[in-house]
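Asker: Use the sequences and the hints to build the structure in full.
Listed below, chain by chain, are the residues.
Protein chains: 2
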Amino acid sequence: MGDVETKAKNARQAFLQLCVVPAKRRNAVLGRMAKNLTAKKQEIMAANAKDIAESKKSGLSEQLVKRLVLSDEKFGEIISGVNAVKGQDDLVGKTISTTLLDKGLLLEQISTPIGVICAIFEARPDALVQIASLSIKSGNAAILKGGSEARKTNAVLAQIIRKSLAEEGLFEDAVQLIESREDVAKIISLSEYIDLIIPRGSSAFVKFIQQNSTIPVLGHSDGICHEYVDEHADTKKAVRICVDAKTQYPAVCNAMETLLVHEKIAPKFLPEFAKALNGKVELRCDPNSAKILSEKGFATKNASEKDWGTEYNDLILSIKTVSGLEEAITHINTYGSKHTDGIITENEKNAREFLLQVDSAGVYHNASTRFADGYRYGKGAEVGISTGKIHARGPSGMEALLTYKYILRGNGHIVADYTGKGAKKFLHKKL
Amino acid sequence: MGDVETKAKNARQAFLQLCVVPAKRRNAVLGRMAKNLTAKKQEIMAANAKDIAESKKSGLSEQLVKRLVLSDEKFGEIISGVNAVKGQDDLVGKTISTTLLDKGLLLEQISTPIGVICAIFEARPDALVQIASLSIKSGNAAILKGGSEARKTNAVLAQIIRKSLAEEGLFEDAVQLIESREDVAKIISLSEYIDLIIPRGSSAFVKFIQQNSTIPVLGHSDGICHEYVDEHADTKKAVRICVDAKTQYPAVCNAMETLLVHEKIAPKFLPEFAKALNGKVELRCDPNSAKILSEKGFATKNASEKDWGTEYNDLILSIKTVSGLEEAITHINTYGSKHTDGIITENEKNAREFLLQVDSAGVYHNASTRFADGYRYGKGAEVGISTGKIHARGPSGMEALLTYKYILRGNGHIVADYTGKGAKKFLHKKL
Numbered sequence: 091m092g093d094v095e096t097k098a099k100n101a102r103q104a105f106l107q108l109c110v111v112p113a114k115r116r117n118a119v120l121g122r123m124a125k126n127l128t129a130k131k132q133e134i135m136a137a138n139a140k141d142i143a144e145s146k147k148s149g150l151s152e153q154l155v156k157r158l159v160l161s162d163e164k165f166g167e168i169i170s171g172v173n174a175v176k177g178q179d180d181l182v183g184k185t186i187s188t189t190l191l192d193k194g195l196l197l198e199q200i201s202t203p204i205g206v207i208c209a210i211f212e213a214r215p216d217a218l219v220q221i222a223s224l225s226i227k228s229g230n231a232a233i234l235k236g237g238s239e240a241r242k243t244n245a246v247l248a249q250i251i252r253k254s255l256a257e258e259g260l261f262e263d264a265v266q267l268i269e270s271r272e273d274v275a276k277i278i279s280l281s282e283y284i285d286l287i288i289p290r291g292s293s294a295f296v297k298f299i300q301q302n303s304t305i306p307v308l309g310h311s312d313g314i315c316h317e318y319v320d321e322h323a324d325t326k327k328a329v330r331i332c333v334d335a336k337t338q339y340p341a342v343c344n345a346m347e348t349l350l351v352h353e354k355i356a357p358k359f360l361p362e363f364a365k366a367l368n369g370k371v372e373l374r375c376d377p378n379s380a381k382i383l384s385e386k387g388f389a390t391k392n393a394s395e396k397d398w399g400t401e402y403n404d405l406i407l408s409i410k411t412v413s414g415l416e417e418a419i420t421h422i423n424t425y426g427s428k429h430t431d432g433i434i435t436e437n438e439k440n441a442r443e444f445l446l447q448v449d450s451a452g453v454y455h456n457a458s459t460r461f462a463d464g465y466r467y468g469k470g471a472e473v474g475i476s477t478g479k480i481h482a483r484g485p486s487g488m489e490a491l492l493t494y495k496y497i498l499r500g501n502g503h504i505v506a507d508y509t510g511k512g513a514k515k516f517l518h519k520k521l
Numbered sequence: 091m092g093d094v095e096t097k098a099k100n101a102r103q104a105f106l107q108l109c110v111v112p113a114k115r116r117n118a119v120l121g122r123m124a125k126n127l128t129a130k131k132q133e134i135m136a137a138n139a140k141d142i143a144e145s146k147k148s149g150l151s152e153q154l155v156k157r158l159v160l161s162d163e164k165f166g167e168i169i170s171g172v173n174a175v176k177g178q179d180d181l182v183g184k185t186i187s188t189t190l191l192d193k194g195l196l197l198e199q200i201s202t203p204i205g206v207i208c209a210i211f212e213a214r215p216d217a218l219v220q221i222a223s224l225s226i227k228s229g230n231a232a233i234l235k236g237g238s239e240a241r242k243t244n245a246v247l248a249q250i251i252r253k254s255l256a257e258e259g260l261f262e263d264a265v266q267l268i269e270s271r272e273d274v275a276k277i278i279s280l281s282e283y284i285d286l287i288i289p290r291g292s293s294a295f296v297k298f299i300q301q302n303s304t305i306p307v308l309g310h311s312d313g314i315c316h317e318y319v320d321e322h323a324d325t326k327k328a329v330r331i332c333v334d335a336k337t338q339y340p341a342v343c344n345a346m347e348t349l350l351v352h353e354k355i356a357p358k359f360l361p362e363f364a365k366a367l368n369g370k371v372e373l374r375c376d377p378n379s380a381k382i383l384s385e386k387g388f389a390t391k392n393a394s395e396k397d398w399g400t401e402y403n404d405l406i407l408s409i410k411t412v413s414g415l416e417e418a419i420t421h422i423n424t425y426g427s428k429h430t431d432g433i434i435t436e437n438e439k440n441a442r443e444f445l446l447q448v449d450s451a452g453v454y455h456n457a458s459t460r461f462a463d464g465y466r467y468g469k470g471a472e473v474g475i476s477t478g479k480i481h482a483r484g485p486s487g488m489e490a491l492l493t494y495k496y497i498l499r500g501n502g503h504i505v506a507d508y509t510g511k512g513a514k515k516f517l518h519k520k521l
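Line by line, the protein sequences give chains A and B. Numbers given in my numbering equal positions in the first sequence, counted from 1, plus 90. Numbers given in my numbering equal positions in the second sequence, counted from 1, plus 90.
Hints listed in this document are in silico derivations from the structure and should not be mistaken for laboratory results. Computed from a predicted structure; not experimentally measured. Do not rely on the hints blindly, as some may be mistaken.
Remember, identical chains collapse to one label, so a pair may be satisfied in a single copy or spanning two.
Capping the alpha-carbon separation at 30 angstroms, the derived lysine-lysine pairs in BS3-like fashion look like this [to be verified]:
1) K125 x K469
2) K514 x K365
3) K147 x K396
4) K297 x K439
5) K156 x K511
6) K511 x K396
7) K193 x K386
8) K193 x K469
9) K469 x K396
10) K365 x K147
11) K125 x K147
12) K515 x K164
13) K511 x K439
14) K439 x K370
15) K469 x K184
16) K327 x K520
Answerer: Here is the structure:
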């Protein structure tokens, strides 16, 4: 396997082979993967048991240990995940546009894999298999860095995936592991070989990658999501949605962090909402909402300016009353992270304005921000969620691993014929 | 106008206004621009004359002064360019995909402007008007840095464009100028406000931006383009194409820098090609091509390893003989810059393999690399040429200034209903 630069070089070689392999063979690799993983289940489970034992010994948090565990159920999901990716439509080599530039000079825009993807993720061995599957399916090579807690499990999984490539007569280096932080530091400098980095982890980690690499990054740093309860909201609906957005899974990026409430509906809505939360959520309030809630006997804390820009990932919520739609939109466009933001209202005009004017990857009307997810969007599998605006935005599936190239076919065509006096004219006919 | 950070903040405000303005009003701004620029032609020309005089006095190269000059003809082209952009289809707010996630829960993917674009270009005042037009048309705000040689011309042009925005009742800060290098250094740090940087300039400059900003960059650093003359090439066609690719405009990124020739056709092709060049081009040859050419009395120099990775932008060409298609493809994928590379052959199978396997934005069969250009591709106007693989690849038009957002409309839908026991199932019906 060699050092990191050798790995990156080999990954590029493997990509250059894989990118021209027909879909049938890429699918055959996935078929072999499902078969080989199933056959080696005991070995995988044994490695996972060792990882779990070591992690517990080293005092890893219960939550992280839980994400590490490969139960029978999760193992089954991994296998059906591979088969699901295998069953997806092939997106490589599709014609995106065709233009006849002139007689005999045809320009085609064709979808292609991107190249070498570097994905960095935390202690979830299932993520390794998912990303490798998507990468192989789409003709890309992948260099993967999993959590060190899952080292033994990941090593076995990667070995089986590489074997599946080799059995199909392809370079096994289309899927490779790196392990240390030093390897990560090195690989993000190799812009010659790596085309896209997909970091999944803390906001600080994603920012570190962005600041220390010239390679494009697909990811999200912060997830500061809002729900705005409009003057014309149905309060029952609003309570239901806001409880879900805050409490259904507070540790994730698409959970609500700030609640904005129209001042006219606040006296009615806020106590109902606080009652539904049943004391489980710490409420950091602006003076107006604090007053409303404390008068009804609910505990509140004071929000500071810093709270509007904080991703808690916890059972904490900042609350602000606003004078109307415009203030809500401005607040979100100022303090939000362009992830996912919703309006709750029965007024179609207000909804439309909100959806148009909020500058986020996802803008929702009467729905919980928690829907922002590749699986829920129907993408089959998720590569990551992007809060950037370039290339891929929001929950991104296999399409985020594709780019395009232009193919021009002529018959001795030269530019000199199309310049100066007596220049030939282009047809530019879209076909 | 204030300092750079204020400008960036104001640009974001202007974007948030412009992005929701209907196409009719964005087009009205362009109409006013064409009218106002025409009305102020004398003032623009006077400013341009001052820029030219100062540039000559300061010893600017003749080539750069030439690019600075606004002739009557160029002025006419600027105006018709604005009108052409005005006449283009509106690409904002188009539905890209629609998925019914479940009954009453509809997900739409809609094209949107990106936000605030920062474009940095050299001494060509026409570029300022072109980029401003494309930016306004697509609902983006633009911060522009032109060459300092064109400072006076650019100032007048920007003022007229800003006035056109204001006359239409829009924030004039949707188009702003910055002037100094210090301003550039500052603005590329403002990732909170700037969504995309488009640097047009030297390869070193583009690399500087990439290394010093976390903001995505659309551009090309090197343009090391190849033509490969296959064993089965028509030599007459090959001579014609290679002369065009090298000499038609050698200073640009899509000119050929390295010629690869199959060893079997080299003895026939190379002398014909050298004859056609008529001594105008310095030939840096590998031993085999040097031998063939010098035996026929043509002057050659020896190519070093460094030559294969050099963009001359001049009447210099490196030449290498190769043993076949595979060596040619490997050479290009190793030393090329993923810009534009062509094969010249009458053999369809070889052409197909080349087009598939060369990992470049443009792959050509029997055509000059000089066709790699937004205008020639029929894009109307060019934002830039990208050698990156993310977001936009190759010559990029207005589509490179667009992204998308997801709009989800529900009726109180929450994620809790779709999880755990008795979970509702998603429909995921593509509409």
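Asker: Would you pick out the hints that fail for this structure and give their numbers low to high?
Answerer: 3, 4, 6, 7, 9, 10, 11, 13 and 14
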